[in-house]
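Participant: Here's the letter readout for the chains.
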Amino acid sequence: MISRVEIHPGRYHDSVRLMQASKALQGVEGVSDALVAMATELNLSLLADMGFDMDTVIGIGPNDLLLAIHAENEDAIAAAHGALEAALTPKITRSGGIEAPDAKTIGTAAKIIGANVALLSVPGEHAFVEAMEALQDGLHVMIFSDNVPISQEITLKKYGLEHGLLVMGPDCGTTIVNGLGLGFANAVQPGSVSMVGASGTGIQEMCALLDDAGVGIKHALGTGSHDLSEDVGASSTLQALDALDADPGTELIIVVSKPPATPVAEKVRRVAAKCATPVVVTFMGETTLEEGAGEVLGMLGLPRPTYQSWEAENRDHRPGSVRGLFSGGTLRSEARHVAGPILGEIGTREQDDGHTFIDYGDDEYTQGRAHPMIDQTVRVERLAAAGHDESVGVVLMDVVLGFGANADPAAELAPIVEQVVGAGAAVVVSLCGTKGDPQGRDAQAGMLNQAGASVYLSNAAAAIEAARLATTGSSS
Amino acid sequence: MTAPAVETRSTPASVRMPGVASTAIRDALSEPQTPATVLGSTSHAVWLFADGDVIVASTRDATRLPNGVEIAADAAEDVFRSVRHGAPATVGLGQVLFEGLTIDVVRWWDPRPALRSTSATQLAEAIVDLPATVPDLVSQPLSAALSAGSATAILVAAESLIGRGPGLTPEGDDYLAGALAAIRALGDALGRTDTAPMLDSIADPLTQLARSRTTTFSAALIDHAVGGRVAAPAASLMRALTGRGDIADSYEDLAHVGHTSGPALAAGMILGARSLLQSQPHFNGGKR
Amino acid sequence: MSDLSQLLDTEPVVTTAGTDMLAASIEEQGTAVERADWRPPHEGTEEALNVLFSDDLMRDANEVAIGRMLAVRPQLAGVKVARDVFPDMTDRTFLHAGPPLEWERASGPMRGAIIGAMVYEGLADDPDDAAIKAARGDIELSPCHHHGAVGPMAGVTSPSMPVAVVTDAAGEGVSYSTLNEGLGKVLRYGAFGPEAIDRLHWMDEVLGPVLSAVLENRGPIDLQSLVAQALQMGDDGHNRNRAVTSLFLREIAGSLIEGADAPLDQRRTVFDFIDGNDHFMLNLVMAAGKLGSDAASGVRASSLVTVMARNGTDFGIRLSGTGDEWFIAPAPPVDGLYLGSFTEEDASPDIGDSTITETVGLGGLAMAAAPAIVGFVGGTAAGAVRRTLAMYEITMSEHPMYQIPMLEFRGTPVGIDATRVVRTGVLPQINTGVAGKVPGTGMVGAGLVEAPIECFVQGINALAATLQ
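Residue numbers (numbering that gives the first Met the number 0), protein chains in the order written: chain A, 0 to 475; chain B, 0 to 287; chain C, 0 to 467.
FYI, nobody ran anything at the bench for these hints, they're computed from the structure.
We put the CB at the ideal spot given by N, CA and C, even for glycine.
Please note: incorrect hints may appear among the correct ones.
Label pairs and their calculated CB-CB ranges [as the list claims (entries may be wrong)]:
(1) 111(A) <-> 245(B): 34 to 40 angstroms
(2) 276(A) <-> 23(C): 44 to 50 angstroms
(3) 122(A) <-> 23(C): 42 to 48 angstroms
(4) 50(B) <-> 317(A): 44 to 50 angstroms
(5) 408(C) <-> 111(A): 35 to 41 angstroms
Quick look at which bits of chain A chain B covers, simulated, 3 or more residues with Cβ under 8 angstroms [as the list claims (entries may be wrong)]:
(6) 171-180
(7) 183-193
All chains should be modelled from the sequences, with the hints used to inform the complete structure.
Facilitator: As structure tokens, this is what we get:
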């Protein structure tokens with residue numbers, strides 16, 4: 000048995016609180032008796048009654064906090080100290096009837112809810128400070144914002160790596176962790192396939208293709224569009240890959256990206272090859288998302304489905320080039336990759352002649368506006384313009400569904416599609432979404448189809464159909 | 000989709016909110032709408048009985064149960080305040096409706112913990128410091144039955160535990176549920192091929208037994224436990240025991256659930272783990 | 000490498016800053032989310048913030064600095080004469096509140112207090128004579144803060160005045176303050192009439208020596224413990240000091256009755272003086288604050304605000320990481336309630352070192368502890384609580400000893416972080432008295448004021464510059 004008396008000079012607590020603390024201490028295993036009190040005459044006499052050595056308390060007074068413990072061993076004393084601090088540390092609560100002011104910083108907001116992830120969409124030039132504070136507070140960070148200087152991205156990712164925290168982004172559109180989607184994300188079923196990707200829409204399309212084939216998703220970790228650049232060197236992608244490899248809920252991993260810099264691609268492949276978990280690498284430009292999904296299904300022993308399409312009834316259209324109006328960068332890349340061999344040259348800028356596939360999610364078209372997956376104004380306008388442009392024979396566009404996206408994109412697009420088709424051009428839609436998405440995928444498809452568009456769940460299939468229509472002049 | 004008319008005497012306007020549900024009750028939630036009854040409610044949860052299934056709607060600060068539908072509100076928001084015992088409810092087509100509340104299930108979670116494979120030595124090391132008994136319960140028959148892996152003996156031991164103790168989930172039920180869930184999940188993690196078939200063989204008789212001897216809610220949880228479907232803190236402890244997360248922290252979290260439920264569930268799980276080790280071929284039982 | 004299990008083994012709990020759509024999308028998924036009401040940092044601080052957040056240097060430094068601020072154990076050790084404790088003080092030296100100041104730029108109450116102190120010291124025959132001499136440079140002005148001292152309102156400290164000596168029971172630091180004169184026509188509010196001067200003489204002849212004898216008899220008084228108790232009795236440590244002054248009287252009562260070597264009538268007048276002056280403890284609480292402030296000063300890269308002080312003309316702050324450098328902006332007007340027939344027309348801009356209390360987690364930051372104060376400074380009890388709650392956003396810690404009953408005994412917000420001020424635009428809240436702008440007027444009211452943002456913007460940029 001050990002007896003310990005400690006004095007904390009000048010540490011004041013009210014007596015009720017100290018009584019509660021004494022009770023808490025007495026409940027600690029190995030503590031046979033304990034007193035926490037201000038050192039008043041009365042309390043000192045209690046101390047003497049409890050059989051403590053009074054020599055240690057000479058010269059202390061009622062403004063000093065007294066802690067006395069009889070315990071079996073040092074461990075119990077240590078546990079008692081823990082219990083004391085717990086009992087005397089106030090809990091943060093929203094206090095009686097008075098609304099606390101709203102949190103002004105990520106750090107404060109995180110404490111209120113006990114967050115482990117900070118999701119930032121502040122202007123890019125301000126993202127660094129908030130992200131760094133979140134990392135310093137031990138939060139994983141997803142940066143939806145773009146226009147964050149690459150040097151800041153490198154600093155953040157280095158810091159994250161050193162501290163076991165994942166930095167998703169900047170320019171990270173999509174992440175799903177255990178079914179909860181952050182940013183633009185589709186409703187998926189729980190499962191054991193995970194993915195990591197530098198591309199938001201790539202992840203979304205892969206989710207949609209797998210979900211339609213009955214495959215559940217565990218995690219989908221976005222790493223941001225610059226992660227596979229040579230400067231960043233796939234820092235977050237490799238970190239996520241490692242983590243997914245160690246995740247007992249993940250049985251298969253998919254890497255999804257636009258074509259990365261060659262040395263980075265090689266590095267990713269090297270790490271992927273070392274994983275204990277099977278990894279499917281889908282770099283657009285080398286393959287398609289549908290191909291990648293097919294490979295995954297093969298490994299899971301599942302048949303490759305024929306992805307659903309809603310063909311337009313009347314597919315006669317005027318001759319002309321294909322105009323691609325995309326909201327997802329990766330979908331644009333993939334479409335260009337598969338349509339290129341059929342169409343030849345495809346421009347990526349509006350001023351280019353001939354076939355053009357434009358990414359309206361690019362900074363150039365989002366200054367002062369929300370992303371085209373939310374705000375379709377620019378694309379609706381360009382769609383209408385394509386109808387009036389006699390040189391356009393086929394319009395190819397993506398429509399991305401899911402949480403975070405426009406609540407009813409088809410309702411805005413359908414009347415314009417009708418005009419364009421009425422003007423003689425064909426409209427082909429790549430519809431990216433799952434059955435569980437809040438917009439109602441099949442209803443959206445039906446509405447667009449009704450307006451005269453051909454709708455495809457596979458982006459590659461949509462692109463091939465658009466190219467085919469343009470090259471054959473008219474459908475058979 | 001339109002919901003059938005629901006009696007809404009005290010709450011005229013229907014409040015809709017999104018919810019997240021366990022895949023263990025996906026079938027019940029996905030089927031056409033069926034009538035249900037409110038078994039009980041607190042500020043944290045509402046228990047519904049629907050055609051043989053028990054479904055628990057709960058706030059985000061309540062323990063996530065294997066048969067739960069969780070909403071984003073916390074208990075302090077008091078969204079369940081006007082829910083009456085015995086009130087009619089409806090379950091199905093992705094919705095749970097009761098007393099003017101409509102929960103739309105928009106997302107799912109899987110209540111079976113995904114565990115890292117482990118070895119007997121690692122598992123023995125992980126549980127060495129954790130208590131495996133509940134003072135008021137006689138654990139020996141269950142312990143012996145589990146170690147022997149005998150389905151009959153487990154059912155006999157279960158008979159003496161089920162319904163024992165006070166509360167919505169009697170202590171004996173939680174203890175048994177913890178043990179069986181641990182054997183299902185940790186047995187898989189150990190690569191055991193004998194445990195799952197044994198549990199499958201007792202699932203039906205155990206369900207019958209539980210339904211006749213304990214509360215409807217508790218019987219449902221035993222049913223889920225045999226299938227390895229557990230409350231979130233129990234899943235977290237099993238993950239920790241197999242090398243993901245801090246064992247002491249997750250044990251504490253589980254031990255603080257409810258009045259007696261958490262400690263009994265935890266003790267049952269440790270008992271399950273120990274009996275797995277005792278019946279493990281070529282293992283010395285963890286004695287060091 | 001990390002396994003990120005803390006991220007991957009549960010569903011994320013998310014906080015957001017930026018577009019509301021992303022938070023709404025999480026709620027749409029049946030999941031709670033906490034939004035930060037984010038706004039861009041104050042213009043002209045972006046680059047400095049990027050530097051300060053580029054690694055853990057500032058965060059670590061802040062931990063050190065706030066740790067030092069909270070580790071001091073201030074105790075009232077003695078009462079001495081100013082000229083004996085300030086080595087640089089000549090017979091012509093007058094310490095004053097706030098950042099450095101010249102007579103030409105001095106406000107009405109500051110001039111009034113200097114005039115009064117010159118008359119009191121015998122350096123001038125009358126107020127007019129004092130004003131002429133002060134204007135032609137016969138005296139030296141120096142901030143209290145440059146001497147380890149603090150003074151309320153004008154803060155004028157002259158060589159003959161008795162000063163409280165506060166030492167650190169847990170360290171080596173020492174700090175000083177004058178003794179409080181009471182309310183009304185007093186020197187610190189710029190009054191210089193016979194009433195004020197006579198009181199000053201009584202203070203150096205009776206009050207100082209008696210208190211010195213009391214302390215000698217009973218030993219040092221733990222100031223932090225008194226303040227901690229007083230916060231639970233309705234004080235804020237700045238504008239309401241009724242409880243803490245009462246506690247102080249209890250502390251010294253025994254020695255005052257029979258321990259101190261002084262005539263009975265003197266002991267009696269000392270008792271009556273303190274009893275009749277609810278603000279007696281203010282100066283001692285300020286000196287206690289100064290001890291913590293000095294202890295926290297000089298930690299490289301720390302953005303902790305160690306000093307906020309005003310001289311009636313300028314408002315100045317200091318940061319730990321920039322040491323003795325002042326960051327200055329015009330002293331703001333006080334939003335207050337006025338005594339008698341006075342109005343805001345009669346008020347001088349903000350003045351005094353008493354903002355040291357806010358610097359160490361008292362005063363405006365602890366307003367939730369002092370609902371009684373709201374009648375005095377305007378506002379509601381709920382508003383007082385809201386003010387304190389808002390201060391947690393810009394502070395580094397919660398005081399381990401100063402607790403607020405209304406907030407479930409949460410510690411007061413303490414340790415103002417200049418980076419959080421410029422990031423959030425939330426300004427430190429100050430409870431203060433208001434002096435009349437015409438020299439000689441005295442106190443005209445009390446109210447609330449916010450520290451000017453410009454000081455923090457300058458400070459952050461200077462701090463970042465020290466790291467480049």
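Participant: None of the hints should be skipped; say for each whether it holds.
Facilitator: To see whether the hints hold, each was checked on the structure:
{"no.": "1", "hint": "111(A) <-> 245(B): 34 to 40 angstroms", "result": "violated, 24 angstroms"}
{"no.": "2", "hint": "276(A) <-> 23(C): 44 to 50 angstroms", "result": "violated, 34 angstroms"}
{"no.": "3", "hint": "122(A) <-> 23(C): 42 to 48 angstroms", "result": "violated, 19 angstroms"}
{"no.": "4", "hint": "50(B) <-> 317(A): 44 to 50 angstroms", "result": "violated, 58 angstroms"}
{"no.": "5", "hint": "408(C) <-> 111(A): 35 to 41 angstroms", "result": "violated, 19 angstroms"}
{"no.": "6", "hint": "171-180", "result": "holds (count 3)"}
{"no.": "7", "hint": "183-193", "result": "holds (count 4)"}
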